[in-house]
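Asker: Single-letter residue listing:
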Amino acid sequence: MALQQIDQFAAKLRPDTRAAVYDGSKKGHEKRTAVLFDHYPDPDHLRRLAGNIKQHVVENLDTLLPAAAAALERNGVKVHWASTAEEANAAVLAIMQARGAKKMVKAKTMVSEETHLADYLGKNGVECVETDLGEFIIQIDGDHPSHIVKPIIHKNRREIATSFEKHGLGAYNDDPQTITRRARAHLRRKYLEADVGLTGANFVTADTGRLVLVTNEGNSRFCLAATKCHIAMVGIEKLLPRETDLGLYLNLLARSGTGQQLTVYTEFISGPRSPAQPDGPEEMHVIFVDNGRTEALASECREILRCIRCGACLNVCPVYRQASGHAYRSVYPGPVGAVLSPLLAGERFPELADLPKASSLCGACNEVCPVNIPIPDLLLRLRARGKEAGAKNAAAGTPPMGAWSLLATQPFAWRTSLTAGHTLNYVPKSLIPVPPMQTWLRDRTLPAWRGGAFRKWMKDRAKK
Amino acid sequence: MAHAQSALITPSSRPAGKRVQMMATCLCDAFYDDVARATVEVLEHLGCTVEFPEGQTCCGQPAFNGGDWEASRRVVRHTAKVFAGDLPIIVPSGSCAAMMFHGAPLEFEKQPDLPEIEALGKRAWELVDFIVHGLGVKTWPGRYQAKVAFHRSCHSRGTCTGPAALALLSSIAGIEVVPFGEGEQCCGFGGTFSVSFPNVSKGMGTLKLEHIRAAQPDVLASIDMSCMMHLGGLAEKDGKPIKTLHVAQILRDALKNA
Ligand code: SF4
Chain D
1 MALQQIDQFA
11 AKLRPDTRAA
21 VYDGSKKGHE
31 KRTAVLFDHY
41 PDPDHLRRLA
51 GNIKQHVVEN
61 LDTLLPAAAA
71 ALERNGVKVH
81 WASTAEEANA
91 AVLAIMQARG
101 AKKMVKAKTM
111 VSEETHLADY
121 LGKNGVECVE
131 TDLGEFIIQI
141 DGDHPSHIVK
151 PIIHKNRREI
161 ATSFEKHGLG
171 AYNDDPQTIT
181 RRARAHLRRK
191 YLEADVGLTG
201 ANFVTADTGR
211 LVLVTNEGNS
221 RFCLAATKCH
231 IAMVGIEKLL
241 PRETDLGLYL
251 NLLARSGTGQ
261 QLTVYTEFIS
271 GPRSPAQPDG
281 PEEMHVIFVD
291 NGRTEALASE
301 CREILRCIRC
311 GACLNVCPVY
321 RQASGHAYRS
331 VYPGPVGAVL
341 SPLLAGERFP
351 ELADLPKASS
361 LCGACNEVCP
371 VNIPIPDLLL
381 RLRARGKEAG
391 AKNAAAGTPP
401 MGAWSLLATQ
411 PFAWRTSLTA
421 GHTLNYVPKS
431 LIPVPPMQTW
441 LRDRTLPAWR
451 GGAFRKWMKD
461 RAKK
Chain Z
465 MAHAQSALIT
475 PSSRPAGKRV
485 QMMATCLCDA
495 FYDDVARATV
505 EVLEHLGCTV
515 EFPEGQTCCG
525 QPAFNGGDWE
535 ASRRVVRHTA
545 KVFAGDLPII
555 VPSGSCAAMM
565 FHGAPLEFEK
575 QPDLPEIEAL
585 GKRAWELVDF
595 IVHGLGVKTW
605 PGRYQAKVAF
615 HRSCHSRGTC
625 TGPAALALLS
635 SIAGIEVVPF
645 GEGEQCCGFG
655 GTFSVSFPNV
665 SKGMGTLKLE
675 HIRAAQPDVL
685 ASIDMSCMMH
695 LGGLAEKDGK
705 PIKTLHVAQI
715 LRDALKNA
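So the protein lines, in turn, are chains D and Z. Read in order, the letters of the first sequence correspond to residues 1 to 464 in our numbering. Read in order, the letters of the second sequence correspond to residues 465 to 722 in our numbering.
Bear in mind the hints are in silico, worked out from the structure with no lab data behind them. Positions of the beta carbon are idealized from the N, C-alpha and C atoms, including for glycine. One thing to keep in mind: the hints can contain errors.
[Unchecked claim] To be clear about the criterion: a stretch of chain D counts as covered by chain Z if any three or more of its residues have a C-beta under 8 Å from a C-beta of chain Z, and this derived list gives those stretches:
id	segment
1	6-15
2	285-299
3	360-370
4	443-455
Only chain D is shown next, with the shape it has when bound in the complex:
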């Protein structure tokens, strides 16, 4: 019998990696819960409100996007549109080439992970340096992020110290402060050498065209302060209708993502530097990236576009904790990724159709999501889609339901198999649709078969 890839990955995961992922996620979740419930009497009310506003955005992108673009242009920002990853990367390269620029410093942005921007630029002769500490470590290791907020949640500091040593960043030292100081010294030089700084955006306000960035390391601020040109790569769903909505979202994002009241750095950017400002980029570009989002919008799972990438659903997810982010074989892991990654894959949906199966449907993700995305419902819809598409990897390990459903619609046959099982003391496999009984019995015992016993009791009492 074919096996589920994520379960296989989990089985082979190194114990120290699992421990690192588990501890990091658990701490993240506990901090989130403590700070949210400490500060708000009814965080669920806020989550629902934030969900409704984002749902409004998702359903009104056709008017909000042009509004945002117009506002950005009023602010002196050049707006670009990219419908695919290739177009988005090409747009970045074109801006670089027009300036004769060869070096870029880059803040953390998930959409640039989707497009594999750094690789693309490297191949085209542009040096692109990740400045977020986690992403920097990922970059020198040739690794992939395994969490959308904490990209190196799967690494311990000994591994980091080893790769620093290997890449000429000083002799082995696994003291976190030393590691940070060394990365800082290295990156400071890179900021000064760079021509262009690239960031994402956590939010773009449609009414005022303001770009909002949150970080804890201040690296995105350096990316902007040290360079003459700022490029922001932004998924089209990142809009908020009004600037006044920011209060709600900034409060929820920091608390849900990192358990903070507010991130250490929150930048509000309203265009390139004005003549009154002493420094800052002279030139600013926003590239709105679709890359499968309009298709997701047209799908039965559009609610996933509300996502503000806080990572809370990863932190709370028991499957993520057991399997780690790399198990998901895509840019977005965990519950959000199990929905978003197959959707963004477009025609390659069948390749990732097993991701929605990687859930016990426990609903913890829905319960913590700051924009109240009904993730389990979306997983279920994608399971139905995977079944219709006949995706083999999705079906792996799932017992076929044909015989069971036949039995479950024929009361007489159902009752007969119940009692037959009882008298013969065997488990009628078509009745309880867990036929991979060996799998169950490998790790667990099964209670005694008592098929028909309750029905008999009911009948006997009725006779009395």
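Go by the hints and put chain Z with the ligand onto chain D.
Answerer: This is chain Z with the ligand only, laid out in the frame that chain D set:
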């Protein structure tokens, strides 16, 4: 398309009353006859008349979760036929009740008979939810001498069932409800998930058992026998069995000492 929201059915939108239909669930039909008996006895103690439609089979959840919605819908349609009428339907399982009021309407979204299926769902009550919110029973008589760990099964998230069960258990003389770590985490059963993701499922269950054992309860209780079958089975295979009970069994046994 209306956007999906987590299902919070307000008690007032469901029929109450003391004539009820009972859905035993396939697990009780096959393994846990005593839980089904306890359900009947507890309801009768409260003055209910319990009807048991003989044609019942299963709520359709296994195929629904597995993605085979066509197969699942066949079973749900059968269930709707068997439970025709307007009486409250009492289910000793949070998971099967949630299938009826939330899962089934989801898979019938584009079906012409959605209204009938929604109507069926609006009549479904998880047992303890019905006792507390349908019948207004806030405390339970009798005595049950035990330290009880209550596993909050996941399908009661976002419903008033979990708190109701806890309140009712805590009101019983002799019971000490012992909390344990990471109570909000899933036990790893998840229906077919437990067999298609055997390694992750076992990892989750083992962690849950560690937390539960640390609290040293006499009994592990839940409103879902599926979680109990998984956790109890893991514990027994591990050579360290734990006593698992449905809340209905505790309520019934407490009455014996009233
Ligand atoms: S789906 Fe919700 S919880 Fe998960 S990352 Fe997105 S906003 Fe956060």
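Asker: Hint by hint, where does the structure go against what was stated? Just the numbers, ascending.
Answerer: Number 2 only.
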